[in-house]
Amino acid sequence: MLSTQLKNQLIEIVGDQGVLDQPEQLACYAYDAFIEEALPDVVVFPKSTADVSQILKAASKAGVPVTGRGAGTSVCGAPVPVRQGIVMGFSKMDKIIEVNTRDRYVVVQPGVVNADIQRALAPFGFFYPPDPGSMNTSTIGGNIALNAGGPRCLKYGVTVDYVLGLEVVLASGEIIRFGSKNVKDVTGYKLSSLFCGSEGTLGIITEAILKVMPKPEAVRTLMVTFGDLDSTAKAVTDIIGSGIIPAAMELMDQMTLNAIEDAAGLGLDRKAAGSLLIEIDGVAEACDKQLKQIVEKVNENGAIKIEEAATDIERERLWTARRSAYGVFAKIAPDILSEDVTVPVSQVPEMIRTINDIGERYDLTIGVLAHAGDGNMHPMIAADRSDKAQWEKVERAFTEIFQAAVRLGGTLSGEHGIGLAKSAFIPLVMNRETVSFMKKIKQAVDPGQILNPGKFV
Amino acid sequence: MKQGLQNCGKCGLCLSACPVYGILKEEQVSPRAKLQLIKSHDNKSLESTQGLKEIVSRCLMCGSCAAACPAGIDHYSKFMEMRKQMVADHGESPAIKSMIYLLGREYRLKFGTGLAKTGQKMIPDALARSFKLGNIPIKNFPTLNPKPFRTQQEVIVPAAGDPVGSVIYFTGCATNYLYEDAGKATIGVLQHMGYQVIIPEKQCCCSVPMLFHGAQDQAMSNIRANIEALDPGDVEAIIVDCSTCGEALENEYPKLMEQGDDHAAATQIASKVTHIFSFVNDHMDLLTFDTAGDNPSTVTYHAPCHTRNNSQGHLAVESILKQLPNTDYRPSPDRDQCCGGGGTFFYEHPQVAGEMMAQKLTSVRNMEVDYWVTDCPVCRLNLAGNLEPQDTMQVVHPITFLYNALKA
Ligand SMILES: Cc1cc2nc3c(=O)[nH]c(=O)nc-3n(C[C@H](O)[C@H](O)[C@H](O)COP(=O)(O)OP(=O)(O)OC[C@H]3O[C@@H](n4cnc5c(N)ncnc54)[C@H](O)[C@@H]3O)c2cc1C
Ligand code: SF4
Ligand code: SF4
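Those sequence lines, one after another, are chains A and B.
Residue numbering for the first sequence follows my numbering, beginning at 1 and increasing consecutively.
Residue numbering for the second sequence follows my numbering, beginning at 1 and increasing consecutively.
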């Protein structure tokens, strides 16, 4: 329970409209898209960096935990306040402060929704490359704190590659600023890397300078289907292996494809055991050439059908369907667990075979979907948590999937983050010294352990 | 199949579709949160409070969340059940109560002996009074039809020229009491197409206002009366000019009658319900237009949420507007943005509704059009009600616009 004194302080800082403490309000900040839930004691909506600083000062003094929250679309439990305390909501700090395409950057508040940046840039012929499937809802603060990726990160890189500078408030309430509006900047440590993926455990992001890119002249989108999943995966390895880097290359197995088709009715081939959604972009002539090479490679791997999106609307429909995959899966069973182990792209076929083996062995429904071009797998298990026996199998299956990924030279998470879901598995990929190094950093900047406690550090 | 609460994966995709979340930006008003709250309330981990009722009421019942939800959750029914529970626990505001009472009694008042005459006068006045609030200035409230529309019509209106078939017309309350021009145009267009139009005398309010306000029991007598009145026989379609009525007849009636002996009748009615523009779009060959004149009217369209989310009728409206002679159709960048009307939402939450409206007004003013058409009476009331004296565009139902374009 929060002291009345602290609550009054919060009200003083943000006004009583900005503080929620009724049970029916708190219940709405207990979750993200993962399965664990925990109620906060209070929710505050700061309006400025100064508000954030004052709130953190007060919380530090009282030793009360503070967990940042963007849109709550994390799939690993990162914004779930497992140690209660304050949830600091950023959905209302949502201003785009500056759009400067001449110098190729934007300055935004943390609550700006990813898609709103895209909309603000479109008239100038620019875009912001990181495109998580949640882009219509998720915020830049959340994207940075989880170092989000997305389909086109295959060619363009992930969030960390686009953060030029940040304003961050530390647990003490001190405000720090690093980086600049320059694409090149090697002044001191590259601190933005430290905060990308920090999951709100090191500081609260209050402003970001992001690098933006001119839109490519041409975009081509292909939907390719295959008779079996193995050749689908091999086509991915072959394409990337031959030096072609598409903007995106998404792999879907039969179950996923059917789930999407049920929901979106796009006329996808339900019988295809595997399919690839491939997008290339760039100069028109170069696209033509790449397209030819890709068609060659998929044909060598026994592609059954190759279709190209004829219009922008068709292309958008394919991507909307792809972005719905997670939600569509939720239909199959009450609970859905989605992981994102990542392996070197040459190991994609082996990893998919392993996931399917594990699914069969435990008799579980596992759908496979992947940002395949960069080896980022999204195995999704649909199950029922109230069925204890089944849930135990789910947990064992995931443990084996993590182990397999590590064995193949991969890692636990490509983009979703660690949160509550995977902290127990960190020793699989980091030795004790490395974990201790992370703890030292945490201890140095947040000695009172008030920022998002109970997570991976 | 529509899915239950437990199938919400909390993915958050519905947040971007929800107009109320878009303005307030607080999770608790989001569709995802409302489902969570309903779940917690159902499993008794959350008490029923006035605050809970308040959150549940901050909703336009626009259906945009369900349309965006990849898990196929039926938000509409869940919200309706919850609203009923909340009203049972905490009561309803006097203005809303009187509206429900009046609409619920509409049928009985009109046809009950002795009360008939006073009933007809009473309903519109009191209805108007309960709506003359919210974010709409009183002076902008539309004047009522001098006489309820249906009382001015024959029950069977013959086709003009050779008859090609017959249809039933379900007028809805708005056309009956407020917007008779839409009724006249609907009948006119159908006649022109060669349809005989049957306007069953005993039809009454579709009940949606009551269902949205948790008054299911009151709604039931209206629903039964409508099911009886609308017996389709061999008519080609049951035409609606309002998508909200359409949605109720098509989806809610069969669901509510699931257990009752009226289920078969409700299903039969549901299969014939058609938005007037979808109907016209399928029969464009039956229309002849007045092609004279060289001063095209400029027009833009506001697509009501219920039209977009239930019948896709908005695509028909837009496609027809694009084809009309002497018409300069200007697609609006925020055609699909909710105007904040939402049944009684504009009355209950004027500030939020006002913000939604402000965005729409700016863009329509920039478009410089003569007409701003919309096929939902609440949207129409809301759009027109928020115009300033210097705004010259007229807000009408697109069917009126279409009717005026026909060759006499
Ligand atoms: C359907 C769906 C598809 C998805 N697709 C992808 C995908 O393709 N790629 C991908 O990478 N992820 C994906 N995700 C996961 C998720 O959307 C992303 O991780 C996203 O970046 C989370 O943003 P958010 O605003 O929802 O943050 P939240 O979930 O609210 O928070 C995430 C973390 O950020 C912290 N945080 C939030 N704001 C701040 C701040 N201002 N300062 C400090 N810390 C803060 C929180 O404490 C928490 O630890 C998907 C999720 C869903 C549901
Ligand atoms: S879109 Fe559907 S599944 Fe996703 S959070 Fe909303 S209601 Fe739940
Ligand atoms: S019905 Fe409309 S207003 Fe209500 S929660 Fe759904 S999207 Fe939001």
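Quick caveat, the hints were computed from the structure, so don't treat them as lab data.
A virtual CB, placed ideally from N, CA and C, is assigned to each residue, including glycine.
Treat each hint with caution, since some may be false.
Stated by the list, open to error - Cβ pair distances, simulated, as ranges:
hint : chain 1 : residue 1 : chain 2 : residue 2 : range
1    : A       : Glu296    : B       : Lys322    : 57 to 67 Å
2    : A       : Glu296    : B       : Leu286    : 50 to 60 Å
3    : B       : Gly354    : A       : Glu392    : 45 to 55 Å
Now the hints, each set against the structure:
| no. | hint | in the structure |
| --- | --- | --- |
| 1 | A/Glu296 - B/Lys322: 57 to 67 Å | 42 Å, violated |
| 2 | A/Glu296 - B/Leu286: 50 to 60 Å | 53 Å, holds |
| 3 | B/Gly354 - A/Glu392: 45 to 55 Å | 53 Å, holds |
The structure does not agree with numbered hint 1 stated previously, though it agrees with all others.
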